[in-house]
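S.K.: Sequence:
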Amino acid sequence: METIYAYGYKWHAYRGPLVAFYRWLQGPRPLRLQMLARCWHDAGYLDFPEKGKQMYYEHNEMIKSLVPAGKLLVYNLKEGWGPLCAFLGEEVPERPFPKVNDMETTRQNAEFGERMFMMLAAVNGLKLLAKVGAVAAAAYVVASRLRR
Numbered sequence: 384m385e386t387i388y389a390y391g392y393k394w395h396a397y398r399g400p401l402v403a404f405y406r407w408l409q410g411p412r413p414l415r416l417q418m419l420a421r422c423w424h425d426a427g428y429l430d431f432p433e434k435g436k437q438m439y440y441e442h443n444e445m446i447k448s449l450v451p452a453g454k455l456l457v458y459n460l461k462e463g464w465g466p467l468c469a470f471l472g473e474e475v476p477e478r479p480f481p482k483v484n485d486m487e488t489t490r491q492n493a494e495f496g497e498r499m500f501m502m503l504a505a506v507n508g509l510k511l512l513a514k515v516g517a518v519a520a521a522a523y524v525v526a527s528r529l530r531r
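Under the working numbering, think of the first position of the sequence shown as 384, with each following residue one higher.
Simulated from the structure, these hints should not be mistaken for laboratory data.
We treat Cβ as the ideally placed atom computed from N, Cα and C, and that holds for glycine.
One or more of the hints may lead you astray.
What the hints assert, rightly or not - Cut-off 27 Å, straight-line C-alpha distance, at most; resulting in silico cross-link-like pairs (DSS-like, lysine-lysine):
1) K461 <-> K447
2) K482 <-> K514
3) K434 <-> K447
4) K447 <-> K482
5) K510 <-> K436
6) K436 <-> K461
7) K434 <-> K461
8) K436 <-> K454
Claimed, not checked - Simulated restraints on C-beta separations:
9) F404 <-> K461: 38 to 46 Å
10) L512 <-> S448: 51 to 59 Å
11) K482 <-> K436: 21 to 29 Å
12) R490 <-> L456: 25 to 33 Å
13) W423 <-> I446: 57 to 65 Å
14) C468 <-> N507: 40 to 48 Å
15) P476 <-> E441: 33 to 41 Å
16) R530 <-> C422: 55 to 63 Å
With the hints as constraints, model all of the structure from the sequences given.
M.R.: Structure follows, in structure tokens:
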């Protein structure tokens, strides 16, 4: 099944957090991060704003060339349940078609992920400070006893 989006639909929602995360990864660069950065570069993701449209259409054409015609549904989510259910041979559900993949929800999910990442970093920082504080307190107690 191929889902068709308007070009650039998701990139704008993810661009800020993805670019920030990628730049953060470029700090100390162990080998595995260098390999990840190289994969992103070679796949063209770093040039996505310039080359993304071409990459998107090339990918769609590749999928269409690989999958037999009767086995591939080229589908736009805006079409709702109808084409999807017909392709799968299922009845159209009573409930409305979910709209969780729209631009606003995608942006909110990206922002939520960024907040969770920052919160996790803060919690880990506090844990580190607590450990350093405990070691410093223990060192102080030991040093105080040795001076007596």
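S.K.: Give a verdict on every hint.
M.R.: How the hints compare with the structure:
For the hint pairing K461 with K447, the CA-to-CA distance comes to about 20 Å; that is within 27 Å, so the pair holds. For the proposed pair K482 and K514, the alpha carbon gap of about 45 Å is over 27 Å, so the pair is violated. A hinted pair counts as satisfied when its Cα atoms are at most 27 Å apart, and K434 with K447 qualifies at roughly 20 Å. The hinted pair formed by K447 and K482 meets the criterion: a straight-line CA distance of about 26 Å does not exceed 27 Å.
Proposed proximity of K510 and K436 is contradicted: the alpha carbons are some 44 Å apart, above 27 Å. Between K436 and K461, the direct Cα distance comes to roughly 20 Å. Compliance with the 27 Å bound is thereby established for this hinted pair. Distance hint between K434 and K461 is fulfilled; the C-alpha atoms sit about 25 Å from each other, no more than 27 Å. Between K436 and K454, the direct Cα distance comes to roughly 25 Å. Compliance with the 27 Å bound is thereby established for this hinted pair.
Between F404 and K461, the C-beta spacing of about 30 Å breaks the proposed range 38 to 46 Å. Roughly 56 Å separates the CB atoms of L512 and S448, a value that falls within the hinted 51 to 59 Å. At roughly 24 Å, the beta-carbon separation of K482 and K436 lies within the given 21 to 29 Å, and the hint holds. Restraint check, R490 to L456: a C-beta distance of roughly 27 Å satisfies the suggested window 25 to 33 Å.
For the pair W423 and I446, the supplied restraint of 57 to 65 Å is violated, since their beta-carbon distance comes to about 21 Å. Between C468 and N507, the C-beta spacing of about 46 Å keeps the proposed range 40 to 48 Å intact. At about 34 Å, the CB distance of P476 to E441 agrees with the hint of 33 to 41 Å. Checking the proposed 55 to 63 Å range against R530 and C422 shows it holds: the Cβ atoms sit about 57 Å from each other.
When each numbered hint is compared with the structure, violations occur for hints 2, 5, 9, 13.
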